[in-house]
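Student: Given the sequences, and given the hints that come with them, work out the whole structure.
Here is how the chains run, residue by residue.
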Amino acid sequence: MRDALLKVDRLEAWYGESHILHGVGFEIGRGELVTLLGRNGAGKTTTLRSIMGIVGKRKGSVQFDGQETVNRSSDTIARLGIAYCPEERGIFSSLNVEENLLLPPPVKPGGMGLKEIYSLFPNLEERRRSQGTKLSGGEQQMLAIGRILRTGANLLLLDEPTEGLAPVIVQRIGEIIRQLKQRGFTILLVEQNFRFAAMVADRHYVMEDGRVVDMIAAADVTQSIDKLQTYLGV
Amino acid sequence: MTNQRFLLAAGLIVLALIGPFFVYPVFLMTALCFALFACAFNLLLGYAGLMSFGHAMFFGMGGYLFGYVVKTVGLPPEVGLLAGVGTAALLGLATGVLAIRRQGIYFAMITLAFAQMVYFICVQAPFTGGEDGLQGIPRRPLLGGLIQITDDRTLYYVVLAIFLFGFAAINRFINSPFGQVLKAIRDNEQRALSLGYEADRYKLLAFVLSASLAGLAGATKAMVLQFATLTDVSAGMSGEVVLMALVGGLGTILGPVLGAFIIVAMQNYLASFGEFVLVIQGAIFVVIVMAFRKGLVGEIGDWWRGRRKAS
Amino acid sequence: MLDIFSIPLPALFGQLLLGLINGAFYAMLSLGLAVIFGMLNVINFTHGAMYMLGAFAAWLMLTNLSIPFWASLVLAPLIVGLFGIVIERLLLKRIYHLDHLYGFLLTFGLALVIEGLFQWRWGSSGAPYPAPIPGGYNLGFMFMPAYRGFVVVAALVICLATWYGIERTRLGAYLRAATENPTLVRAFGINVPRLITLTYGLGVALAALAGVLAAPIQQVSALMGSNLVLVVFAVVVIGGMGSIMGSIVTGFGLGLIEGLTKVVYPPASNTVIFVVMAIVLMVKPAGLFGQSK
Numbered sequence: 001m002r003d004a005l006l007k008v009d010r011l012e013a014w015y016g017e018s019h020i021l022h023g024v025g026f027e028i029g030r031g032e033l034v035t036l037l038g039r040n041g042a043g044k045t046t047t048l049r050s051i052m053g054i055v056g057k058r059k060g061s062v063q064f065d066g067q068e069t070v071n072r073s074s075d076t077i078a079r080l081g082i083a084y085c086p087e088e089r090g091i092f093s094s095l096n097v098e099e100n101l102l103l104p105p106p107v108k109p110g111g112m113g114l115k116e117i118y119s120l121f122p123n124l125e126e127r128r129r130s131q132g133t134k135l136s137g138g139e140q141q142m143l144a145i146g147r148i149l150r151t152g153a154n155l156l157l158l159d160e161p162t163e164g165l166a167p168v169i170v171q172r173i174g175e176i177i178r179q180l181k182q183r184g185f186t187i188l189l190v191e192q193n194f195r196f197a198a199m200v201a202d203r204h205y206v207m208e209d210g211r212v213v214d215m216i217a218a219a220d221v222t223q224s225i226d227k228l229q230t231y232l233g234v
Numbered sequence: 001m002t003n004q005r006f007l008l009a010a011g012l013i014v015l016a017l018i019g020p021f022f023v024y025p026v027f028l029m030t031a032l033c034f035a036l037f038a039c040a041f042n043l044l045l046g047y048a049g050l051m052s053f054g055h056a057m058f059f060g061m062g063g064y065l066f067g068y069v070v071k072t073v074g075l076p077p078e079v080g081l082l083a084g085v086g087t088a089a090l091l092g093l094a095t096g097v098l099a100i101r102r103q104g105i106y107f108a109m110i111t112l113a114f115a116q117m118v119y120f121i122c123v124q125a126p127f128t129g130g131e132d133g134l135q136g137i138p139r140r141p142l143l144g145g146l147i148q149i150t151d152d153r154t155l156y157y158v159v160l161a162i163f164l165f166g167f168a169a170i171n172r173f174i175n176s177p178f179g180q181v182l183k184a185i186r187d188n189e190q191r192a193l194s195l196g197y198e199a200d201r202y203k204l205l206a207f208v209l210s211a212s213l214a215g216l217a218g219a220t221k222a223m224v225l226q227f228a229t230l231t232d233v234s235a236g237m238s239g240e241v242v243l244m245a246l247v248g249g250l251g252t253i254l255g256p257v258l259g260a261f262i263i264v265a266m267q268n269y270l271a272s273f274g275e276f277v278l279v280i281q282g283a284i285f286v287v288i289v290m291a292f293r294k295g296l297v298g299e300i301g302d303w304w305r306g307r308r309k310a311s
Numbered sequence: 001m002l003d004i005f006s007i008p009l010p011a012l013f014g015q016l017l018l019g020l021i022n023g024a025f026y027a028m029l030s031l032g033l034a035v036i037f038g039m040l041n042v043i044n045f046t047h048g049a050m051y052m053l054g055a056f057a058a059w060l061m062l063t064n065l066s067i068p069f070w071a072s073l074v075l076a077p078l079i080v081g082l083f084g085i086v087i088e089r090l091l092l093k094r095i096y097h098l099d100h101l102y103g104f105l106l107t108f109g110l111a112l113v114i115e116g117l118f119q120w121r122w123g124s125s126g127a128p129y130p131a132p133i134p135g136g137y138n139l140g141f142m143f144m145p146a147y148r149g150f151v152v153v154a155a156l157v158i159c160l161a162t163w164y165g166i167e168r169t170r171l172g173a174y175l176r177a178a179t180e181n182p183t184l185v186r187a188f189g190i191n192v193p194r195l196i197t198l199t200y201g202l203g204v205a206l207a208a209l210a211g212v213l214a215a216p217i218q219q220v221s222a223l224m225g226s227n228l229v230l231v232v233f234a235v236v237v238i239g240g241m242g243s244i245m246g247s248i249v250t251g252f253g254l255g256l257i258e259g260l261t262k263v264v265y266p267p268a269s270n271t272v273i274f275v276v277m278a279i280v281l282m283v284k285p286a287g288l289f290g291q292s293k
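Protein chains in written order, with the working numbering: chain A, 1 to 234; chain B, 1 to 311; chain C, 1 to 293.
Source of the hints: derived by calculation from the structure; they are not laboratory data. Note that beta-carbon positions come from the ideal geometry of N, C-alpha and C, so glycine has one too. Careful: at least some of the hints might be erroneous.
[As the list claims (entries may be wrong)] Listed next, the in silico DMTMM-like pairs over lysine to aspartate or glutamate satisfying Cα-Cα at most 20 Å (straight line):
no.: 1; chain 1: A; residue 1: K134; chain 2: C; residue 2: E180
no.: 2; chain 1: A; residue 1: K108; chain 2: A; residue 2: D65
no.: 3; chain 1: A; residue 1: K7; chain 2: A; residue 2: D202
no.: 4; chain 1: A; residue 1: K115; chain 2: A; residue 2: E126
no.: 5; chain 1: C; residue 1: K93; chain 2: C; residue 2: E180
no.: 6; chain 1: A; residue 1: K134; chain 2: A; residue 2: E88
no.: 7; chain 1: B; residue 1: K294; chain 2: C; residue 2: D99
no.: 8; chain 1: A; residue 1: K115; chain 2: A; residue 2: E125
no.: 9; chain 1: A; residue 1: K7; chain 2: A; residue 2: E208
no.: 10; chain 1: B; residue 1: K183; chain 2: C; residue 2: D99
no.: 11; chain 1: C; residue 1: K284; chain 2: B; residue 2: D200
no.: 12; chain 1: A; residue 1: K57; chain 2: A; residue 2: E68
no.: 13; chain 1: A; residue 1: K134; chain 2: A; residue 2: E98
no.: 14; chain 1: A; residue 1: K7; chain 2: A; residue 2: E27
no.: 15; chain 1: A; residue 1: K134; chain 2: C; residue 2: E167
[Claimed, not checked] Some chain C residues flagged as far from chain B (calculated, every beta-carbon gap over 12 Å):
no.: 16; residue: F13
no.: 17; residue: M61
no.: 18; residue: L62
no.: 19; residue: S66
no.: 20; residue: I67
no.: 21; residue: W70
no.: 22; residue: A71
no.: 23; residue: P130
no.: 24; residue: P134
no.: 25; residue: V157
no.: 26; residue: R194
[Unchecked claim] Derived, one-sided and incomplete: chain A residues facing chain C with beta-carbon distance under 7 Å:
no.: 27; residue: M52
no.: 28; residue: I54
no.: 29; residue: D75
no.: 30; residue: A78
no.: 31; residue: R79
no.: 32; residue: S94
no.: 33; residue: L103
no.: 34; residue: P104
no.: 35; residue: V107
Tutor: This is the structure:
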């Protein structure tokens, strides 16, 4: 990858005393859509949180756009242009839908306007005055994705955006993620749902026990399906 | 370890017995009263995880009731002590029932507020003597004339016995099955509830016991110093007992005793500073919270264990 | 003459006005306490001392520098707010990860130090502060001193402005969000530690502002805030800390109840708020406006 937007190298991370990541390494090119696959507890979410700077103790290297971020606080990392959509979605109950959308401050020029976001998620506009947590699960997920599009961040970290959602909505989210890629966003996606990941991603990294153990390009997925099934234990 | 404990206990008892021959007995008696008060407070915080910021209401009311019964009604001091304990227990029951409905910081605020209410009642109620308090409470003989307590040294051994009774009661309680359940509730209330323990009842009992002993301490202090005033029922006194436990070490057995002796001594020696004592007390609070949260006994214990490990 | 329960109307309205003024102070103080608790997880025991500092700052500026009341209304909260920011940066910041009780103890100790120093330097008897608006109006049923009327209106405006700032502005949205999930808010690029410092400064400044307003009504003294803060704790327990509007309504309401008690049965006026607290704890332990637990 000549033009890597994100380079992760020998990344280690701890939650309190427990050592979760043992030297994670991978790269994402500009405009690429890459997934992290792996079983529960492999360290996928921790990897996202470490890139975002939320995990207390980190070691190794995370370079974003050529800048080292592993020692920075999460707010300064965000301002470089990385945005995070957490697994639990993190919708604020004391904020209405529009306040939730407007919460993350713009960090770079070129973010989407509120109108654009509403045209992408018409449901949200209808319910813009509702309390954020009164939305359905699918709508909350859309709100969680929608709110990080305004900021101008060019790397999106999405943690299991399809978890617990009905198939129709999973499909809709797949379309949206593809649209975001077309708009030029670089996306790192953590997924349990392999079929969904295969639909949208350019490449897949496979994680096991806090390490990246394999990389599979989208074109090779069909012939690697057996290998993948062993990795994922399905 | 047990050997060392035994030596420590024996040494302390010898010190307590010969103490009044070397140190002014009234100082020792006052310190013992506060030590019992601090132990009672610590029982609640250290073993039930409940921080009461209103314990002065039990301490102060114990003193008032003792004074009222002995001076105004004219009954012997043992009745006064019982009245003090009983009133504190009832007051503890009433406030405890309400306060344990909230936890953590709210519990502290609620106890503080109730104590403030008791304070205002004491300012106005006729039996407390208002701003003047109850002065000149007589030292009538104990046990129908068997023990004369007009002599400070004799009274000292009575006070020591009361303190040891209270101290033993607390330790007996902590090590009983009841105390074990209480600790389990402190560490994980949900789990204790799911095991079928009615957490609130256990907490309430601990609260009432702690209040009663605080009342005993207050009544004893009124017997020693022969007065009961608003100071003992004020919010400042509630803070002072927290400070004593904190200086000595929250949740340690001997910490509150040590803390009480240090604070009482400090007040004695710094009395000439007047209001500045409050500033010093406040500064101690700040320093301990910032740097020595385990208190003296806790820090010494850590140091001791560290040294043993190293050698 | 019109009487209710044989209480002369002017006395009734006089006490109600006094209650309203006290309620205004309860509201402003409990508001600050609630906002600070939401962000810092600290019950700020120094709140009463900050209120006192506000009054003292105004009094000192008037007597030493001839700075008038109206300038103090801005300057005193600013000074005290900055003082609060220093305390937050130096001390409070280091204990957020600990149990709430330590914040309570730390701020209790700080209150002792601050109040003790002022008591040591200026004694405990109060100093008078001249009323900035002299005179008053005869409303027919009672005489209303102009300054007292001003205090009620000003406090109401301040409370509503605070409510608006928290519930309707961008900064307020940051505040509400950071109260819920500071980690995520920080991951969106917002400097949460700075937001926390700012919150403490603002909460404390609000207490100081109440202190400046109180200076011409009460005596300016070292311990003017120490009893007040205990009553405000009861107010906070009654209202619950869930809602801003709840704090305001509870504060004013309890002030009125207190005033009314002073007319009906004066000896109970000091204790009535605590009685209300006991009743609320029996009926609705989370507080009138609090979320459960």
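Student: When the hints from earlier in the document are held up against this structure, which numbers fail?
Tutor: none
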